[in-house]
Amino acid sequence: MVTPMDTPLLEVKGVSKTFDGVVRALDDVSIAARQNEIVGVVGENGAGKSTLMKILVGVYPPDKGELCYRGRKVPFPKNPKEAAKRGISMVYQEKGVIPRLKIYQFLLLGYEDKYVKFSRLQIDKMKKHAREILEELHVKCDAEDFMYELPLSTQKMVEIARAILSVRLERGDANVTPIIILDEPTAPLTVEERRELFSDILDMKKNASFIFVSHIIPEVMEFTDRVHVLRDGKLVAHYDSSKEKITEEDLFRAIVGRESSEYIYKPEVKRVVSEEVVLTVKNLTKNGCYYDTSFDLHKGECIGIFGPAGSGKSEIIKTIAGLISFEGGVLIVRGQKVKADELPHVRLGRGIGYFSGETGKELFLNWPIVKNISIVNIEKILLRKPIPVISFNAEKKMAEKIVKKLRIRAPSINTDCYSLSGGSKQKVSVGKWLERSPDILLLEDPTIGIDVGAREDIYETSLEMKKSGISMILVSDDPKEYSILCDKIMSIKDGRIQKVLSPENLRKVMAA
Amino acid sequence: MKILGRNRLITPVIIQTLKAHPVILALIALVVMFSGLYPERFLTPLNFSTILRQLVTLTLFALGPSIIVVTGSLDLSYVGIWMLGGILVWLLMPILGMFSILVIPLLGLATGLLIGVIQVKGKIPSFILTLSLLVTYWGLTATLSGGYPKPVRGYEFITAPLIPYLPTAFLWSIPIITAAVFIMNRTRIGTYLYAIGSNEEGVQLAGINVDKYKILAFTLSGLFTGIGSIILFPHLGSAAPVELLLDNVVWPLVAIVLGGTPLVGGSGGPQRTILGALTVAVVWRGLLLSLLQPEAIKLLVGLLLIVSIVVGARGLKGVTIT
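Protein chains in written order, with the numbering used here: chain A, 1 to 512; chain B, 1 to 322.
Warning: the hint list may mix true and false statements.
Said to hold, decoys possible - Lysine-lysine pairs mimicking DSS-like chemistry, simulated, CA-CA at most 30 Å apart:
#1 A:337 to B:121
#2 A:385 to B:212
#3 A:245 to A:499
#4 A:396 to B:19
#5 A:467 to A:337
#6 B:212 to A:396
Quick caveat, the hints were computed from the structure, so don't treat them as lab data.
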């Protein structure tokens with residue numbers, strides 16, 4: 001409208017947020033979104049992206065900071081409805097869709113009072129209005145379909161349409177430019193669906209501005225006009241792709257920070273790999289995730305599967321763990337062909353352990369450290385006579401050994417895990433697998449969101465396990481990790497293995 | 001100096017116990033209150049004996065289900081097992097004689113197994129599944145009995161008085177309770193059941209067969225209810241019942257939640273249920289002696305359940321309540 005092009009539509013200035021008085025989630029962060037642009041906000045998990053977005057839609061109040069809408073200072077919203085009044089609406093990563101509602105019901109959910117006449121809902125008017133919106137925004141679906149009938153990418157589009165609509169209805173102005181926050185919108189989508197979603201979003205650019213939250217670098221590079229980089233709660237970089245040329249490596253360095261070049265890779269610790277093959281993957285395929293994957297894992301070897309998020313690396317490792325099934329190909333564990341739909345406990349029986357660094361997934365947070373370590377090692381602490389009874393003494397000794405070995409910082413082994421720091425939590429999870437020492441250990445993002453010191457301890461432990469003959473497969477977002485831990489790295493893109501690199505080669509590729 | 005030294009040792013233990021089991025405070029407060037209000041009615045050996053009898057009923061009903069609540073599910077089938085078991089005893093009496101009482105634990109075992117398998121394979125919420133089973137068993141009991149309670153003679157010896165004022169059923173329940181507490185705290189099964197209630201995904205990631213242990217939990221619950229019902233059968237009148245009393249369904253639930261086993265699972269367990277059952281028994285006797293209307297007592301019990309659920313739901317740190 002009358003807003004001059006150079007005044008940002010929305011500006012956040014100097015926002016800080018502290019949780020429980022200790023954890024500094026955001027520190028003096030400022031970002032801006034202009035009329036009809038897609039602005040990226042990127043960073044690692046725990047960098048503060050979500051916190052910032054939640055402040056924008058009124059989930060958390062900030063400790064400090066200002067919000068300007070069309071150049072005018074406004075108070076921060078206290079709830080999503082107030083946020084919509086200030087032109088902001090968010091599309092959540094997951095759980096935003098209500099599958100059993102029809103599309104028009106979902107679009108207008110919460111705004112039914114605008115369609116009430118004589119205390120009766122005017123269904124026809126609702127449908128008509130919904131159809132108009134869908135048509136205007138080029139969402140290809142029928143307003144009377146159920147949400148669950150749509151493909152995932154279209155569901156996302158309907159969610160975006162709903163966000164745009166809520167801003168229009170709250171402001172009572174059909175020509176307003178809403179600011180739509182997309183929180184990792186592509187997380188559940190396959191490669192093809194991502195493409196589709198993005199071309200649709202580019203179409204919608206004339207109707208709205210987008211704040212695009214992600215940690216997937218290629219996506220951000222391709223679809224955003226400007227990028228803000230957050231790291232450890234601080235704004236560390238800002239790129240304008242219309243003014244300067246940036247590479248994926250630049251962005252990567254900004255996101256991960258510090259260590260992109262300093263590798264602590266020591267050639268002498270590597271390659272005591274024997275000829276014995278413990279795991280064979282042959283033409284493994286799961287449609288929409290990965291295709292024709294083949295490799296051999298030797299005893300005491302660590303193979304890394306390296307690629308951008310969404311490339312299928314995570315699905316491959318989860319398939320081997322038994323968390324998802326495969327559709328084609330063969331998986332052979334220590335000479336035995338395994339069924340596609342085996343559950344994780346059967347795979348563990350075959351000697352495959354799976355460790356995910358995602359916080360809280362593995363741990364029993366209301367349990368003390370000692371129990372969290374013994375859960376996969378109960379076999380070792382049972383007194384056999386006359387009935388299998390847990391020996392608390394053996395349990396305690398086992399936990400103390402692990403706590404000491406991994407330098408877990410905790411008042412005692414009876415400390416409940418929810419009160420530990422992120423690094424200590426991770427070490428407890430690693431520790432239980434160290435004690436169990438399966439033949440094959442699958443590591444997925446083993447050091448995500450933890451500090452450097454804890455990282456180094458975990459690397460050291462992993463290398464030690466490797467030395468003792470445990471084979472490993474690593475999937476991570478951090479290339480440095482591959483060159484430290486792996487003997488062999490397979491790069492993967494769009495679900496297909498591209499090439500096999502040695503750690504030295506990977507280092508060269510990353511440095512170039 | 002000696003007393004001081006002892007205090008130093010004892011006080012932290014007391015504080016820790018009270019922190020872990022806040023219901024003890026409520027229990028003490030209730031006993032003090034009732035004793036103060038009407039000592040001549042409350043502070044009698046007969047009254048305490050009655051409280052113990054009520055405690056036995058509550059504990060034996062609540063023991064199995066409290067194992068299930070630990071895993072984050074719910075088992076309401078206990079009254080159904082007791083009722084149908086009773087009528088089966090009456091039916092089998094002419095054929096099996098005294099051994100027919102053993103049909104109750106078998107029924108419990110089978111019921112638990114059935115619930116477990118259906119719940120795991122069908123992914124049906126346990127609450128509605130066990131509630132339907134309870135109603136089914138009730139209907140089956142009424143059909144088999146022709147609508148009238150059937151007295152069964154010959155099992156009175158189980159609860160024959162041994163010690164004055166100490167119900168024999170209470171003595172019997174001690175080994176049963178001990179077994180449940182032992183299983184939940186000292187064996188692999190118990191550990192895994194707590195784990196399932198705390199973080200089911202984590203259990204799967206740790207390479208444990210979640211389905212197997214869930215089925216096992218329901219089987220154990222049914223078995224404990226069945227074994228308990230051997231005592232409960234003579235304890236509650238040696239007759240196959242045909243009326244489904246809501247009290248029998250609700251009070252054990254109050255005992256579980258009040259004892260400190262939150263319905264979200266992951267903590268608590270049978271040992272806490274005993275404390276909850278004792279508190280409920282004291283409340284029940286105290287209210288009964290207060291000469292309030294029975295309806296008013298029901299109202300108060302309902303409120304107690306609500307309050308204990310609300311309080312219990314906030315007790316778990318690190319566990320998201322969904």
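Structure-based check of all given hints:
1. Distance restraint check for residue 337 (chain A) and residue 121 (chain B): the Cα-Cα separation of roughly 26 Å lies within the 30 Å cut-off, and the hinted pair is therefore satisfied.
2. This hinted pair checks out: residue 385 (chain A) and residue 212 (chain B) have alpha carbons roughly 24 Å apart, not beyond 30 Å.
3. Proposed proximity of residue 245 (chain A) and residue 499 (chain A) is supported: the alpha carbons are some 27 Å apart, at most 30 Å.
4. For the suggested pair residue 396 (chain A) and residue 19 (chain B), the alpha carbons sit about 23 Å apart, so the restraint of at most 30 Å is met.
5. Between residue 467 (chain A) and residue 337 (chain A) the CA atoms are separated by roughly 27 Å; this keeps the pair inside 30 Å, and the hint holds.
6. Among the hinted pairs, residue 212 (chain B) with residue 396 (chain A) is consistent with the structure: their alpha-carbon atoms are about 27 Å apart, no more than 30 Å.
Checked against the numbered hints above, the structure breaks none of them.
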